[in-house]
Structures are given as structure tokens and as C-alpha cells.
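> One line per chain: the protein sequences are L and G, in this order.
Quick note: the first sequence uses the working numbering, first residue 1, plus one each step.
Quick note: the second sequence uses the working numbering, first residue 1, plus one each step.
A hint or two may mislead.
Think about it this way: if two alpha-carbon atoms lie no more than 25 Å apart in a straight line, the pair counts; the simulated DMTMM-like pairs of lysine to aspartate or glutamate are [claimed, not checked]:
#: 1; chain 1: G; residue 1: Lys230; chain 2: G; residue 2: Glu218
#: 2; chain 1: G; residue 1: Lys2; chain 2: L; residue 2: Asp240
#: 3; chain 1: G; residue 1: Lys56; chain 2: L; residue 2: Glu5
#: 4; chain 1: G; residue 1: Lys321; chain 2: L; residue 2: Glu338
#: 5; chain 1: L; residue 1: Lys11; chain 2: G; residue 2: Glu207
#: 6; chain 1: G; residue 1: Lys11; chain 2: L; residue 2: Asp128
#: 7; chain 1: G; residue 1: Lys305; chain 2: G; residue 2: Glu207
#: 8; chain 1: L; residue 1: Lys86; chain 2: L; residue 2: Asp61
#: 9; chain 1: G; residue 1: Lys11; chain 2: L; residue 2: Glu5
#: 10; chain 1: L; residue 1: Lys11; chain 2: G; residue 2: Glu5
Now the in silico label distances, taken between C-beta atoms and shown as ranges [claimed, not checked]:
#: 11; chain 1: G; residue 1: Glu368; chain 2: L; residue 2: Glu53; range: 49 to 59 Å
#: 12; chain 1: G; residue 1: Asn237; chain 2: L; residue 2: Gln310; range: 19 to 29 Å
#: 13; chain 1: L; residue 1: Glu53; chain 2: G; residue 2: Asp61; range: 45 to 55 Å
#: 14; chain 1: L; residue 1: Asp49; chain 2: G; residue 2: Arg28; range: 35 to 45 Å
#: 15; chain 1: G; residue 1: Gly324; chain 2: L; residue 2: Arg206; range: 24 to 34 Å
#: 16; chain 1: G; residue 1: Ser308; chain 2: L; residue 2: Glu178; range: 25 to 35 Å
Calculated from the structure, these hints are not laboratory results.
Note that beta-carbon positions come from the ideal geometry of N, C-alpha and C, so glycine has one too.
Okay, here's what each chain looks like letter by letter:
Number of protein chains: 2
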Amino acid sequence: MKNFEYRNGTKIIFGRGMENQVGSESARYAKKVLLHHSGSSSVRSGLIDRVKESLKNAGVDWVELTGVLPNPRLSLVKEGIEIARKENCGLILAVGGGSVIDSAKAIAVGAVNDGDLWDFFEKKRTTDKALPIGTIVTIPAAGSESSTSCVITNEDGPWKRGMTLQCNRPAFSILNPELTYSIPPYHTACGIADMMAHIMERYFTREPNVELTDELCEGTLRTIIRNARKIFSGGENNYDARAEIMWAGAIAHNGFLDTGRTGDWASHALDHELSALFDIAHGAGLAVIFPAWMRYNLKVCKSCKEDSLQTLSRFARFAAKVWGVDGAFYDLEQAALEGIQRLENFFCSIGMPVKLSQTNIDLTRIPEMAKRVVYFGPIGNFRKLDEKDAEAIYRLAAE
Amino acid sequence: MKNFEYRNGTKIIFGRGMENQVGSESARYAKKVLLHHSGSSSVRSGLIDRVKESLKNAGVDWVELTGVLPNPRLSLVKEGIEIARKENCGLILAVGGGSVIDSAKAIAVGAVNDGDLWDFFEKKRTTDKALPIGTIVTIPAAGSESSTSCVITNEDGPWKRGMTLQCNRPAFSILNPELTYSIPPYHTACGIADMMAHIMERYFTREPNVELTDELCEGTLRTIIRNARKIFSGGENNYDARAEIMWAGAIAHNGFLDTGRTGDWASHALDHELSALFDIAHGAGLAVIFPAWMRYNLKVCKSCKEDSLQTLSRFARFAAKVWGVDGAFYDLEQAALEGIQRLENFFCSIGMPVKLSQTNIDLTRIPEMAKRVVYFGPIGNFRKLDEKDAEAIYRLAAE
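Please model the entire structure based on the sequences and the hints provided.
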């Protein structure tokens, strides 16, 4: 187990009707908030009206910025920074999914840090200053509601890059599973693939002796899988299934499941290129990339005995503990492959693509994506991947 | 799943050599600290000298209060409050196990709240004000390093009572598994029983649909059991086993494992009477009480069909998931009993008592303990227990 520091002060307010506390919570931080949302579904559902009512009742004023898109854009973030500064907002209040929350986080950092915001995404500098952030989560997926991370697309490239800072953690996040009943099945599935990927990125580590976090990762994955099946067999309005998924989505990415270990994160990087160039939903991209990343690892580990043992045993454990593959392990590779197959079958069963051919990706651009993904150097920690590896994984995903 | 709020801002600083950061961490909060410890083992090991060195290097002054005993006493807490006020301490720094940390928490509350401190323990009033607390944990057990709770013995009764407040959460806690190598086996075992009890108190709930927290509880218990076996078969200085136990001990009681559910806590109350009257170690008392509490539940649930189904299925699940009892459940009661037996066998294997006859308890005082334990009304949530129930459990523990 590695040395680590862990602190997560986000106040989670979870359950039925909890969004009505948004006014009183916001009032702890600010007299005026920047209310940030997509301007579409949360308006239609009446949620934004209820948020405004709650703010009004608590004596909190607001200024609104709408129009956040999936893969949120830097241009809108810059607009938000202008408004937050001009209107002297004391809190950025995000109502929506990961895109809205990530956009709010970037605004919160930009509002109190001069200079080029993109520097933080290119890791040229760092900061511990940001406006406080509040969230009402409407799509359980990104886990951004209590995470340190934030991913923004800079249209100039386009580049999709992350900014990981302690000050990105929201001050409070309100999670009401009822708000997720109306999410279209495709987006529910994208969210599930996203949160599973967050756990799997952490799970695939070379760090030995991380038993507790292994157990917590496996238990959270099993819970997601079981409850996803409930939702996708007629349980759209099953409060408890939605609640398990929603809480699991937050835990998947709040840093708790990777204390003492180093995660991989190559699949996220590989997906970022898909979504930067083709605007594919993050979860759908991960459902395609992750199994291909696993198959590639199984293939290339064979040239080294120690690598082979580490890779096969971890992948076989994943198969046994998460997917119930027979744990006798007479043949580690067989068990590992069966685990990957069950992961793909599960993604298919909830309507996710598992091959690039099921998406709008132009396969002729694979070499370009492979070149872009290693722009800052090799990616991944379980296995360091260069341009050639990245291209091979994209090609496996295309097969 | 019940609605819930969860916030835990304690900064965990975990790993080898981390105690040397105590000076710089303390300096964030105070120019002068009250350094609180037992005055025995942490002095002998040289830890206190290193702490002082680190404080000195960071320009932090200190005043010392030693002499904390197991089942920490209100009289010493009052002394600490006097000193903290007189010396204008800005942080209470606890170096030790749960007793020292609990004593520090009570001092931190008392230092900034006028009136009778015991009122908070008798739940006559509450507060959100306390001095910040820092800890260096030397015994993984109580989980007090990131919990909201604090248990103190008032010698006037004697009464042993808890005070649960958000402001009891330490600002930072330093956990170095190496510091636990030298704990005597009996105290290591007491700590393990204590952290297991913290999880089991949460696990035994009537709240349906708490799958994620069930999984997390079971995974944490399995990790504790496996690593305890490593430590007790020659692995006293096994860093990774000590690290798993230490991190599990913090997680067991930081509130994360009972989001959305109501725990039981009758066994803790029953043990408090043992330790108030006979000064028995908390973990040892719990090792005796918990199996008896389980057997009593199995016995009395039979009079009601619904109670019987709920009790048997939860106890059988505990047996299957935590202890590997065959999950076929042809006979739920048989499975449940086998789980209790394995829990007792485990406690025996690490040198814990499982019967009152193995302790210094005077059995003739059972009626008195039963009367005292329900002083504030019935105890427990999985099953409400009155004086008669409490007496029956003490008697089962004596058999």
C-alpha cells in the first residue's frame, strides 16, 4: 500500500425532496450565485423553477448561465467567468450532470485566478483557490459532485483535457434519486458505463497489498451491475435501484476507492480523443475502449513472465469477484477472457456500444487519434502506452 | 434507503514516516497546541520526542497533558479544558489510541463551550463549536481519528457515555502503520474486535435496500479478518497487514458505512456498563457481548413471522458473505448459527474472551448493569431492548 493523503469535505445531501434545501445551503456561502445549467431538461422538468423558488425563499439572488453541452466547452466557461466576476457571485451553483458540474468547476477556478485558465488543464500551473461550488445532480455518471476533477473541451484544438485540484471539490452536492427517473435509457446506460470505468481505472493497478480498496471496488461494481439490471428490466422508477446507482456513482469517483494505490486512466485518455473529435458520449466511448484495453493487455503481457502473472491474476480476480466467473483459476487466461466477455455482454444488455463500428467514429482517423493521445507523453500506469499501443487498442476496438 | 447527509472533512495522512508532518499540519491551525497523550508507551517509543521536534521545527509551541487511561476520565478532561483556556491553545493534539483522542475531543468542546460539559453527554444540549483537533494514531481500534463520536467515563457514577457531534471530527489525523508494530497482541486483538463491532453495529439494520453499504461493510470485515490472521500468525511487523487493519479501523467508524441506514448500537451500550463498572477493555467487552446479542436475537425473533424472516435472513447473509458459510440457505437458522460460531472462533483465535467468565466481571451485578443500561430508555434499533432483554443478554454472555 502506498502512502496517501485523503480529504473530501463535500457535504452530501441525499434523498427524496432534498433539492428544496438548495436555498438554505447556498445562503451559507453567498448572497448571489451563478446558476449554471443546460437550459433544456432541467427547465422542462420544473426543477429550475423549484431551485429559483428555494433560492428566493432563502434570500439568495442569482444570475443564470445556460447552454452547457455534453463535453462542455471552454468558450462557455469563459463567459461564466466574466459573469461571475462582474456580478460578484459568491457560489457557482450547477444543476445537471457531469458536464454542467465540470463547467461550473472551471468557472469557479477562473473567477478567482487571473491569467490563462487553460494553463491549469495543460498542467503548466496549479492553484488552491476557487469559488465554492454547489451542485444538484440530475445524471449519476461522472461523480463530479464530490471529485477533484473537471474535464473541458477547448474548441481551438479541439482538445479535451482534465484539471485535477483539491479546490474543485464542491462545498455541497444534493442527490435526489427521484430526479433520475426521467433520464432516457441511453443516458442512464452511459452514466453506468462511466461510473464503472471510474472504478475499473482504479482497480487495474500494479500496487500490491491493497486488499481493502480491492474489496470496496468489487463490492461497488457488483452493486452497480445488480441495480442496473433492475432499472433496465422495467425499474426506471425503482427508487432504491436508482438510489444505489446514484450513491455508487459518487463513491466511484470521490477518491475513496483509490487510497494507497495508483490507478491506470489510459482508457479515459483514449476515450477523450474519441469524444474530442467525434463528440461521442463519454460513457459510450468508455464502453468501447475498456474491453479493448483489457484484451490488449492480455495479449502483450505474454512476452514477460512477471508481467504475465500480474496481469493474468488481476484480470482473473476481476472476472471472479465482479462477474462470478469460477474462481478455481485452472486457466487464468481463460478466466480473464470470460470476465471481459461478461463485461461486454453487460454493456450490450444496457444498450451500450462495445465496438467502434457501432458509433459514428471515422476509422481512418485512428492514426491521428493515437498521435494526439500521447501528446503529453505515454499514457496509463498499469501499462505505459505509446502511440503504437494506442493505435493497436483503437484497432482492437474497431474489430 | 433512508435520506442522509454525509460530510467528513478530516484530512487523513497515511503511511510510513507521516508523523513527521505533525508540525507543519499543526501550524495551519495554531501557534500553541495542547499535546495530549498517555505519558507511557508513546514516550518510551520515542514518538513524543519526535512530535516535539516536528512542532519545534514548525515554530509551534506546546503545553503537555499526560495521564490518559483506557476508558478516559472526565476529571482529566476538565483539567485539559482549564489548561487549553489558560494557555490559549489553538489545537488539541492527541497522540495515542481512542482513549486519548476521545479525551482530546471532549477537551476541544469544553474549551469553547461554557456550562457543564456533561450536559452534552446526557444529550441535554448540543453544539457546533470546538477547537480543532489533530491526531497521531498509535492503536487502530476506535476509529475516533475521523469519527463524530467521543466516549468519556464520569467517575461520579461511574457513567460511561458518548457525545456525537460533527465538530468532533478531527481536522487532521496521521496514521503510520509502523507505529502499530509494538502494540501487545492483546491490545491489537481488542482493536480488531472494536472495529469489527463498529461495522457490525451498522450492518445489523432493518432498513431494506441498502445494498451498497452492505457490500462495503462485508468487504471491510473480510479484509480485517484476513489481515488479522496474518498479524496473529507471525506478522506483527507485516507493514501491509498492519496498514489494511489501520485503514479499515478508520473507515469502520467514519460514518461512510452507514449512509442511508440506521445501525443498532445496543452491543456498545451493553459493553459500556461492563467497562464503566469493571474497567474491562472496550474491544474485549464487545467480543463477549456481540455474539450473545446475536444469539438472543435468533432466540426471540421466532415469536413473529416477519421478525423471524428479517432476522434470520440478515444473520444468514452475514454468515455467508463474511464467514463463507454455504449460501444455499436450506436452513436459515443453521446458517445464522454457524456464522455466530465462526465469529466466536475468530475472536478466540486472536485471544479475545467470548464469555463473561473469561473476564473479571462479577456476575451477581448483572441485574444492576441491566438496570443502568436502559437509564435513558430502551437501547438498540435492530431490536429495541428493555431491562429484561438486557439482563437476558448478559446472562447468555455468562453461560
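> So, for every hint listed, does it hold in this structure?
Each hint tested on the structure:
Note on Lys230/G and Glu218/G: the hinted pairing holds, with a Cα-Cα distance of about 19 Å set against a maximum of 25 Å. Between the alpha carbons of Lys2/G and Asp240/L the distance comes to roughly 9 Å, so the proposed pair stays at or under 25 Å and holds. A threshold of 25 Å between alpha carbons decides the hint, and for Lys56/G with Glu5/L the separation of about 23 Å falls inside it, so the pair holds. About 24 Å separates the Cα atoms of Lys321/G and Glu338/L, which keeps this hinted pair within 25 Å; it holds.
Proximity of Lys11/L to Glu207/G is assessed by CA-CA distance (about 23 Å); at most 25 Å being required, the pair is judged to hold. Distance check on the hinted pair: Lys11/G and Asp128/L sit about 15 Å apart at the alpha-carbon level, within 25 Å; holds. Using a Cα cut-off of 25 Å, the hinted pair Lys305/G and Glu207/G holds, with the two alpha carbons roughly 17 Å apart. With a C-alpha separation of about 14 Å, the suggested pairing of Lys86/L with Asp61/L holds against the 25 Å cut-off.
With a C-alpha separation of about 7 Å, the suggested pair Lys11/G and Glu5/L falls inside the 25 Å cut-off, and the hint holds. The suggested pairing of Lys11/L with Glu5/G holds, with an alpha-carbon distance near 7 Å, which does not exceed 25 Å. Taking 49 to 59 Å as the suggested C-beta distance range, the pair Glu368/G and Glu53/L conforms, at roughly 57 Å. For Asn237/G and Gln310/L, the Cβ-Cβ distance of about 25 Å falls inside the hinted range of 19 to 29 Å, so the restraint holds.
Taking the beta carbon of each, Glu53/L and Asp61/G are about 52 Å apart, inside 45 to 55 Å as hinted. As the Cβ distance of Asp49/L to Arg28/G is approximately 42 Å, the hint placing it in 35 to 45 Å holds. For Gly324/G and Arg206/L, the hinted distance range of 24 to 34 Å is satisfied, since their beta carbons lie about 28 Å from each other. Between Ser308/G and Glu178/L the beta carbon distance is about 33 Å. The supplied range of 25 to 35 Å therefore holds.
Hint compliance for this structure: every hint is met.
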